[in-house]
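A.B. asks: Sequence:
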Amino acid sequence: MNAKINQTKDIFLCAICNIESGTCNEDCKFCTQSVKYKADIQRYKQKEIEQIVEEAKMARKNSANGFCLVTAGKGLTDKRLAFVCEAARAVKKENLGLILIACNGTASVEQLEKLKEAGVDAYNHNLETSRDFYPEIVTTHSWDERYQTCKNVKEVGLRLVCGGIFGLGETQEQRVSMLESIASLEPMNVPLNFFIPNKALPIEASTIKREEAFKLITLARKMIPNAKKIMIAGGRELMFGDEQYKIFDKGANAFVIGNYLTTEGKSAQEDIYELEKLGFKIKRERS
Numbered sequence: 003m004n005a006k007i008n009q010t011k012d013i014f015l016c017a018i019c020n021i022e023s024g025t026c027n028e029d030c031k032f033c034t035q036s037v038k039y040k041a042d043i044q045r046y047k048q049k050e051i052e053q054i055v056e057e058a059k060m061a062r063k064n065s066a067n068g069f070c071l072v073t074a075g076k077g078l079t080d081k082r083l084a085f086v087c088e089a090a091r092a093v094k095k096e097n098l099g100l101i102l103i104a105c106n107g108t109a110s111v112e113q114l115e116k117l118k119e120a121g122v123d124a125y126n127h128n129l130e131t132s133r134d135f136y137p138e139i140v141t142t143h144s145w146d147e148r149y150q151t152c153k154n155v156k157e158v159g160l161r162l163v164c165g166g167i168f169g170l171g172e173t174q175e176q177r178v179s180m181l182e183s184i185a186s187l188e189p190m191n192v193p194l195n196f197f198i199p200n201k202a203l204p205i206e207a208s209t210i211k212r213e214e215a216f217k218l219i220t221l222a223r224k225m226i227p228n229a230k231k232i233m234i235a236g237g238r239e240l241m242f243g244d245e246q247y248k249i250f251d252k253g254a255n256a257f258v259i260g261n262y263l264t265t266e267g268k269s270a271q272e273d274i275y276e277l278e279k280l281g282f283k284i285k286r287e288r289s
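Numbering-wise (this note's numbering), the sequence shown opens with residue 3 and increments by one.
These are calculated hints, taken from the structure and not from any lab test. Quick caveat: nothing in here was measured; it's all calculated off a predicted structure. Built from N, CA and C at the ideal position, the CB exists for glycine as well. If a hint is listed, it holds; no wrong ones were tucked in.
Lysine-lysine pairs mimicking DSS-like chemistry, simulated, CA-CA at most 27 angstroms apart:
| id | residue 1 | residue 2 |
| --- | --- | --- |
| 1 | 81 | 49 |
| 2 | 47 | 118 |
| 3 | 248 | 285 |
| 4 | 81 | 95 |
| 5 | 49 | 76 |
| 6 | 118 | 76 |
Ranges between beta-carbon positions, derived for each pair:
| id | residue 1 | residue 2 | range |
| --- | --- | --- | --- |
| 7 | 178 | 141 | 19 to 27 angstroms |
| 8 | 204 | 283 | 37 to 45 angstroms |
| 9 | 280 | 91 | 34 to 42 angstroms |
| 10 | 144 | 243 | 30 to 38 angstroms |
| 11 | 243 | 281 | 19 to 27 angstroms |
| 12 | 59 | 112 | 28 to 36 angstroms |
| 13 | 46 | 272 | 20 to 28 angstroms |
| 14 | 42 | 269 | 18 to 26 angstroms |
Sequences are here, hints too, so could you generate the full structure?
C.D. replies: Here is the structure:
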């Protein structure tokens, strides 16, 4: 690996826990969790609370700073909200020091207040793409609903995590437009995803090249300078290959370790080994 790395940077790690998988009725063309496309993934309604807690413990052992409880579906129903709150309380009870993040789709102020009461520290809701391109990839709900949820997050005093996904067929102007919209929300953390093709999905291939992806990381850092973390999430390994740790030269200071929602990532141990070998310091906050 020939990456010239800035050795002084602190790096933050985050782990994802898919607590409800593959049950979504929306038609997002980039997402294998939609039942519409019948992708070959594991599907279940509710992961056992004990397993969620064990995954949280493992995340902390693997130096994760954040732990994200993710559910499939357009947004929070009463049943889903109760389940996420139960999971949140169980994880918080362990006093692991993790920043607990919920990612459960569209949510009202009242629902977000209940998550906060249950111990959730932050809420992740991505805009996905620009407002004008969104109808090309999703028809079952609007971009405006997503933006409103992000505003709701800020209203209740939760930390906002808001990013998007590149490589869906959008133009460079639409990528910039999405980043402008994200910047207007002043999120604490910005996860950047890169489309992972799946034969079941309508979008056949990613429309972004590696050098473009590097430039977008730099652009995101420039356009959203107050974000505490620019995080590289889904598609990291596929997009950047043996140059993936160059992301820290380009403006990123965080990434997701372990598996993603329905696709496997590198092992956390392998990432940690590489980071330490390159001289990085893995930063650990407490909630």
